[in-house]
Structure formats: C-alpha cells, structure tokens
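*Asks:* The primary structure of each chain is shown beneath.
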Amino acid sequence: MIIRSATPRKLADLGVKIMSSLAALLGIAILAWILYEVIKRGSASLNWSFFTRLPTPPGLRGGGVANAILGTSMITLLATLAGVPTGLLAGVYLAEFGQSTRLGAAVRFTSNVMMGIPSIIVGLFAYTLLVLPWHHFSGFAGAAALAIIMLPIVARTTEDMLRLVPNALRESALALGSPRWKATLGVVFRAAKTGLITGVLLAIARVSGETAPLLFTALNSPYWPGSLNQPTANLTVTIFNYAMSPYPDWQEIAWGASLLIMIAVLALTVVARFALKEVKK
Amino acid sequence: MSGIYFMVQQVNKAMKPISHQNIQKKADGLFRYLTALCALVVLALMVGIFWALLSNSQLAIRRFGFRFLVSQAWNPVTQEFGAASSIYGTLVSTAIALILAVPLSLAIAIFLVELAPPALGRVAGYGIELLAAIPSIIFGMWGLFVFAPFMADHVQPALNKTLGFLPFFQGPPMGIGMLTAGIILALMILPFISAVARDVFRMVPPVLKESAYGLGSTNWEVTHKVTISYGLRGLLGATFLGLGRAIGETMAVTFVIGNDHTISKSLFAAGNSIASTLANEFAEASEPLYLSALVKLGLVLFVITILIQIVAQLWLKRIGKSLGGGGL
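Top to bottom, those sequences are chains A and B. Start counting the first sequence at 1; every next residue gets the next number (this note's numbering). Start counting the second sequence at 1; every next residue gets the next number (this note's numbering).
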C-alpha cells in the first residue's frame, strides 16, 4: 500500500484558497479605486454654479451643466414613459398568456438576445430611423434609443416577477368573477409590485449611464433643452466631450458630471437590489 | 363530462344577452391582444434593427463588398474604407479581456460559494455586483485619467523588462492602447461571468460535494474535480455571455484604445475597435459613403454579437434544463 503524503495536496489547497481570496479582494479593490477617484476628483467641481449655470467656453470659469442635467432627466423620463409600459405589457403576455405559445418562446428568446446587443447598435438604429430622415439630431431619437434598450429588460424581469405570484391568487380573482385584465392589473400586479418596481429601477439605472446611443441621436448642445425636437444636452455625452478635450477646467466638469451620474446609477441599483432581496424572501 | 359541457354551453347562451358580460369578454380579448402586440414590438425591433443596418449600408456594400472585411484602408479623403483594423482590434481586446476575466471570475465565484464565511461572501458578492452597475463612461474616465497613467508608469515598463523579448510587449509605454483597453474590458465583464459561475456552482448537488469531502478530499480537490467539472458547461455559457458583452463595449474602450486605424503587433500600441470607431467618427461622417461604411461596420458588429448571443442563450437554456434548475 502506498501512503501518499498529504502535504502537497494541502499546499495546493492553501494556494488556491489564497488565490481566490486575492481575486475577490482585487474585484472589491477595483470598485473602491474607481469610487475613490470619482468622488475625489468629482466633488471638487460640485458647487452652486455647476447645478445652475450653462456651460461656458473653456477658460471662462464658473460654467455649469444645468442644461445637461435637465436634458438627461427629460430624455430618461421620456424613455421610461415609452419603454416601461410596453415592457410591462410584453412581460404580462410572456407570463400570463404566452407561457407555452410559439410567440411567447420567440419573444422570450429575442428579449434575451436583445439584452446582449451593444447599445451603440441601438443608437445606430435610432439614428437611421429618427435622425437621417429629419436631417437633425433630437432628444426624441435619444429617448427612443434608450426606450428600446429598456424594453427587453423590463419585459423579462416582469415575466420573472409575475411567475413568482402564486397561481391560487389568479384563480381566486377569476373565480370571484373579475375579468382577466382586472385580475392581472389589480391583483397579480399588486402582488408583484415590489418586483416590478425593481425591474423598472434597474432598467432606468441601466440607461441613465448610457452614452453610446446618445452620441448619434441626442448629440449635445450648449443651450437649455427647449424642445426635445432638437439636439439636446445630456450628462453622458458632455462627459465624453469634456473628458476628451484638452482643457483642464472642462475635464474637471467631466469628473463632476461623472460623480453625479455614478451617484444616481448606484443609488438606483442599491435600492432596486434591496427591494429584490425582499421579494426573493 | 359531455353533459356538464352541454350545461355550461346552455348557461353561457343564457348569459349572452347580458351585455355587461359581453363587454368584459371583449375587454379581455382586447387586453390579450394589447399584451401580444407589445410582445411583438420586441420581435419587430429586432428585425427592424437588422433591416435598418442592412439598407443603410447598401452604398458601402455595393462599393466594397467583402473586400471591406479584409482591407486595412481607412481614408475619408480618398473615400476608401476597410474594416480590418477595427475587427482586429475588437477581437484582440476581447481576447485579452477573456484571458484575464475568466480565471479571475472563476476564482471569485469559488471564493464566494466555497470559501468565504456567509457574511463576508454576501458583502464581497455585493461589491462585485456594484462593479457591474458602474456606467461604462465612468470606466472610460477612470481608465483614461487614472488607469492609463498607472499602466504607463508601472505595468508596461515592468512587462517590457520581463517579457520584452515578445513582440506584444515592445514599444513605448504610453498607457493607452490595446492592452489597457483589454484590461478595462476584463474588469467590466468580470461581474457578469462571476455571477453566472456563482449560480452554476450553487446548482451542484451538495451530496456530490459531501461525498467527495467524505473521501478525504481537500477543498480545492472538491472544487476542481466535482464543482468545476459538474458545472463546466455552465461556465462555458458564462464565458460566452462575457464575450458578448466585451465585443460591443463602446465608451470605456473608446477612451483608452487610442483610436488608430493601424494593426500593430505590440499590445502597447494604439488601435481601435468597431465600437470605438463608430463612437469617434460618426459626427465627422458627412459624405454618404463614409456614413454607409460606418453603418456597415455596425452591421458587422451586430451580426457577430447576435451569433454569440444566440449560441449563449441556446447553450444556457440546454444546461438549465439538464441541471433542472431555473437559476440561469
């Protein structure tokens, strides 16, 4: 009988333990590094005029990105108004009517695939459809691109959340004589409320940091967004333009805008995740 | 049975005159159609994207044909466009990202599932998840102003000193370039791969692991002989998802890749990717042919990602079925 020493095996085990702990630590460290840099560099440029003034030419101090904050809010709001109801209803179809239909399977599959399509492609699509024919960039086109990105996310999370609602609830609502649409919107939706809000928040968080689709659609503008039917200032394209510029004070503003976007996106994500944990309990 | 059915029919007939019931039925039908319509929008958009890209790149397709894919020329002045350097950059930066991210995410998943005490695992898992939530433009800002100088000062000189005999690690350490882009891509896809890997590991039946422990295996032996081999196909699916993400990532890459239409052996050199070319040059594309060439570039990226996504989805669906879990 050969007795093998346990030492090399234990060493290998220890080695792997150390490596995987270090890998996890690296992930956290990178997150901390990014958060630290954005907070440190961004907080320097956050002041009153940052939130209230229009951008100034490089060299003139005191400019702000108020128009971009407003523009981003308007574009995101419009995208939410278009993308979320459509996504919710598509999710209702997947969960309530299309569980075993061909259309249901096709839409489910397409939604999953669509979630993996680069956002820049969606921007390109919105450009060819909504910018080229009208010969000018517009906030509407930007909102449409973001809504297209939101749609599959909302549809899939809605389906998942509605599936968590016990069937007995549906049946009892229907047994009491309420029509299907009332049972779905009044009873099933209410039961899945937290989950649905989570899905919507995650979708908003996902698109509010998007830049690529806005480069071809909303573009940017140094003026107040009067109408969304013209190039519309927004934070992420401002970050892109300002960060790539050679002017230090513009780069500073880009950091401030990054901090703003990061706070918004992370806050939305954290709230959504906590809500989701409640649902899964 | 048929008696009951007959009775129900009779009752239904009797109820018909009550218009209230009729309206409700109509409303239900309408509701069903409305939801189906919204579901159809998803399909229509997918087809629409393909059609729009195809029809708007006709000019470039007719002018360059397949030569577009292999030509290195990119000259707006002479109206000569080729995608070779963009495709090369996309593939190389994605390859670097996968080479770095797959082992790292695997190690992170092992840590989260097998090693960490539950409380620590939760916090660490949360941190990794947050990394996925950071917008790509912020990765770009951080990459350009913080990480690229770090690469130039520390990483690239060290690589050049130790592995400089390889052509990949030669050239001036500028910070930005293919390698930096690949590393930042790796950091961005890490959370996605490790999340799927974590789910796959959690699906391994505990009894398999327990019996291996019972035979006296160490933690690592259980992990690589039981957990990893059981979840291997799931991990492949996770890799595909990471690949799909990395290949189309735009903003972070645009900031750090250097945006140069040349193919260089050195990973320190500036290059470009399909997505970064689109982001950078779209505003300048005033001539129809230039624009059409860019849309054709988008079409190439779209076809590549669609194929990757379809393979990944089919693969994950099959695995989810065979493992009997809905976690994927």
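Any given hint could be a false lead.
[What the hints assert, rightly or not] Listed below are the simulated DSBU-like cross-link pairs for lysine-lysine, each with C-alpha atoms no more than 30 Å apart in a straight line:
1. B:K265 to B:K161
2. A:K277 to A:K182
3. B:K265 to A:K10
4. A:K193 to B:K161
5. B:K161 to A:K277
6. B:K317 to A:K193
7. A:K10 to B:K321
8. A:K193 to A:K277
9. B:K225 to B:K209
10. B:K225 to A:K17
11. A:K182 to A:K193
12. B:K26 to A:K182
13. B:K321 to B:K209
14. A:K182 to B:K25
15. A:K193 to B:K321
16. A:K17 to B:K209
17. B:K26 to A:K277
18. B:K321 to B:K225
19. B:K209 to A:K193
20. B:K161 to B:K317
21. A:K277 to A:K17
22. B:K209 to A:K277
To be clear, the hints were calculated from the coordinates, so they are not data collected in a lab. All figures in this text were calculated on a predicted structure; none of them were measured in a lab.
*Asks:* Now tell me, hint by hint, if it's right for this structure.
*Replies:* Now for the hints, and whether the structure bears them out:
1. B:K265 to B:K161: Since the Cα atoms of K265 (chain B) and K161 (chain B) sit roughly 17 Å apart, the hinted pair holds (cutoff 30 Å).
2. A:K277 to A:K182: Given pair K277 (chain A), K182 (chain A) holds - Cα atoms ~28 Å apart, limit 30 Å.
3. B:K265 to A:K10: Distance of about 42 Å is beyond 30 Å: violated.
4. A:K193 to B:K161: Roughly 58 Å between the alpha carbons, so the hint for K193 (chain A) and K161 (chain B) is violated.
5. B:K161 to A:K277: Distance of about 49 Å is beyond 30 Å: violated.
6. B:K317 to A:K193: Status holds; Cα separation ~28 Å.
7. A:K10 to B:K321: 36 Å, violated
8. A:K193 to A:K277: 13 Å, holds
9. B:K225 to B:K209: 10 Å, holds
10. B:K225 to A:K17: 15 Å, holds
11. A:K182 to A:K193: 15 Å, holds
12. B:K26 to A:K182: Distance of about 13 Å is within 30 Å: holds.
13. B:K321 to B:K209: 21 Å, holds
14. A:K182 to B:K25: 12 Å, holds
15. A:K193 to B:K321: OK: K193 (chain A) and K321 (chain B) at ~29 Å, within 30 Å.
16. A:K17 to B:K209: 17 Å, holds
17. B:K26 to A:K277: 38 Å, violated
18. B:K321 to B:K225: Holds. K321 (chain B) to K225 (chain B) sits at ~22 Å (cutoff 30 Å).
19. B:K209 to A:K193: Outside the cut-off at roughly 38 Å; violated.
20. B:K161 to B:K317: 46 Å, violated
21. A:K277 to A:K17: 29 Å, holds
22. B:K209 to A:K277: Judged against 30 Å, a Cα distance of about 27 Å means the pair holds.
The structure fails to meet hints 3, 4, 5, 7, 17, 19, 20 from the earlier list, while all remaining hints are met.
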